[in-house]
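We have chain A already, so just place chain B on it with the hints.
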Amino acid sequence: MHNQRCIIVGASHAAGELCISLRKEGWTGSITVIGDENYLPYNRPPLSKTFLAGEKSIDDLLIRHAEAYTKADIEMKLGCRVEKIDRRRKEILLNTGETLGYDKLVLTTGARPRTMDMPGAEPENVFYLRSIEDADHIRPFIQDGRRAVIIGGGYIGLETAAMLVSTGMHVTLLERDPRILNRVAAPEISQFFSRIHTEEGVELFTGVEISELKADEKAEKVKAVVCSDGRRFDADLLIIGIGVITNSELAQEAGLEINNGIVVNAFAETSDPDILAAGDCSYHFNKHYQRWLRLESIQNAVEQAKVAARTICGKPQEYDQIPWFWSDQYDLKLQIAGLSEGYDNLIIRGDLSAGRKMAVFYFKANNLIAVDAVNSPQEFMFGKRALAQFSKLDINKLADVAVPMKELILQD
Amino acid sequence: MPLVTYISHDGTTTEIEVPVGNSVMQGAVDNMLDGIIAECGGSCSCATCHCYIDEAWLGKVPPASEMEKDMLQCVLEPQDNSRLSCQINVTDELDGLVIRLPESQF
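Line by line, the protein sequences are chains A and B.
Under numbering that gives the first Met the number 0, the first residue of the first sequence carries the number 0, and numbering increases by one thereafter.
Under numbering that gives the first Met the number 0, the first residue of the second sequence carries the number 0, and numbering increases by one thereafter.
Worth flagging that the hints you see were computed from the coordinates, not collected in a lab.
Even for Gly, the Cβ is constructed at its ideal location relative to N, Cα and C.
Worth double-checking, as some hints may not be accurate.
[As the list claims (entries may be wrong)] Distance ranges between label pairs, derived from CB positions:
| id | chain 1 | residue 1 | chain 2 | residue 2 | range |
| --- | --- | --- | --- | --- | --- |
| 1 | B | Ser64 | A | Lys83 | 28 to 38 Å |
| 2 | B | Ser64 | A | Leu92 | 18 to 28 Å |
| 3 | B | Glu76 | A | Ile394 | 25 to 35 Å |
| 4 | B | Leu75 | A | Gly28 | 31 to 41 Å |
| 5 | A | Ser270 | B | Glu54 | 50 to 60 Å |
| 6 | A | Asp228 | B | Glu76 | 56 to 66 Å |
| 7 | A | Asn365 | B | Glu54 | 44 to 54 Å |
| 8 | B | Gln72 | A | Asn395 | 15 to 25 Å |
| 9 | B | Asn80 | A | Ala120 | 57 to 67 Å |
[Claimed, not checked] Residues from chain B that keep clear of chain A, each with C-beta distances beyond 10 Å, as calculated:
| id | residue |
| --- | --- |
| 10 | Met0 |
| 11 | His8 |
| 12 | Asp9 |
| 13 | Thr12 |
| 14 | Tyr51 |
| 15 | Asp53 |
| 16 | Ala55 |
| 17 | Leu57 |
| 18 | Pro62 |
| 19 | Gln72 |
| 20 | Asn80 |
| 21 | Glu92 |
| 22 | Leu93 |
| 23 | Pro101 |
Okay, chain A solo, but in the shape it has when bound (with noise of 0.2 Å):
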């Protein structure tokens, strides 16, 4: 094995977990990061919220510092990109013009903010939020009074309305769906969520169809997101977060199976197996909900890594996780567990109406899928083992918050 030479393309967080477990696991060959951001592997989530306020530095976010590569013999080819994989040669071309030659590669590319058509080429006030870049271009325009629109009622943009208003800007939030959170969450935490937000002072709007970005005489800034019933919103801060697309390309052009990212088996192998792919950028099959998945999530980055790794050190294992989440909004820590999507039947421990705690847990056909849990870790915590367990709560107690979560699990 110590001839045989693992490259990574992408310094992502999978990428970061995946060069150190390869050496957990016992690869004594050489190991190449390549990332075409000049940081090493770092944490995103802060980005929208201590990165941006500037109560963290970039040394805060790395996931681990320099001298930890340096001592496990890991090379970090940083600020290059890879433009072609040659899968007959088994080589790889950079930028540079430099060819690198791999016994195993290793796609963990993450993904791009979805982009919206501009006028004029590149207005200096839109911004998406996905890299330390970003969020270093945004910060300038953080100004106590100025007016700050955002687009898109994910988690992204509403990360960064509650950022931004805790500043003293203006912010507008505009969604096109009839409800923020819409792809993620059930209609109660979307209402829990709006109501929060309107304390905060962020203005939401839903059901909000864009027309227009009018910009400046000079066309160098967006002033203005004008909607298609006529209002108009002005801004002197854009922030963008529609949604990502999978960086699959490199992978797409090198003939690899694709559909909806790179498609992956059970040990994060392509249909290439020398080629295997982790993170975002993987379309894969869960076993516990038993469908496949595109996962946009820190979980998914590192337990897919460590499964590569040991793909690829030759101790198989399969991927089997159940998919959890976090969003840190104001002093609120929402908290997923699972997946809620197709529940027939959902009870809500706590008030949405008032408060700042509460948690949702979805069934389908009696059986828990998910939970959505707000500052209630417990509920959380208790939730995701009964999830990965599949143990049964007792429904006609769980709505009972003088209950607590341990006696609402029953054993079978």
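Showing chain B alone in chain A's frame:
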């Protein structure tokens, strides 16, 4: 640099110099220590960096937030000295800190 001693479930002892301002979790992650998973990267969301504080150090470590206390009630085998290591920032006062790691983080 403050020295933190990590004692794993099987008794293996690892001494790590952790820079001031870094968390006890970060020290473990930077040194490829098994036993701390830290899936959420230190945002108090996952409870996979659970540790037990050595009795001698209990009074010196700042107390847990309500959120952390709630999370700790749900970890496997919680004890009175349970903490999430991502929530403990290393200071000069914590030079010599000793923590023990649980058998499992799940």
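Do the hints match the structure? See the list:
| no. | hint | in the structure |
| --- | --- | --- |
| 1 | B:Ser64 with A:Lys83: 28 to 38 Å | 49 Å, violated |
| 2 | B:Ser64 with A:Leu92: 18 to 28 Å | 50 Å, violated |
| 3 | B:Glu76 with A:Ile394: 25 to 35 Å | 28 Å, holds |
| 4 | B:Leu75 with A:Gly28: 31 to 41 Å | 36 Å, holds |
| 5 | A:Ser270 with B:Glu54: 50 to 60 Å | 55 Å, holds |
| 6 | A:Asp228 with B:Glu76: 56 to 66 Å | 57 Å, holds |
| 7 | A:Asn365 with B:Glu54: 44 to 54 Å | 46 Å, holds |
| 8 | B:Gln72 with A:Asn395: 15 to 25 Å | 23 Å, holds |
| 9 | B:Asn80 with A:Ala120: 57 to 67 Å | 59 Å, holds |
| 10 | Met0 | 12 Å, holds |
| 11 | His8 | 17 Å, holds |
| 12 | Asp9 | 16 Å, holds |
| 13 | Thr12 | 19 Å, holds |
| 14 | Tyr51 | 18 Å, holds |
| 15 | Asp53 | 25 Å, holds |
| 16 | Ala55 | 28 Å, holds |
| 17 | Leu57 | 22 Å, holds |
| 18 | Pro62 | 17 Å, holds |
| 19 | Gln72 | 6 Å, violated |
| 20 | Asn80 | 19 Å, holds |
| 21 | Glu92 | 21 Å, holds |
| 22 | Leu93 | 18 Å, holds |
| 23 | Pro101 | 15 Å, holds |
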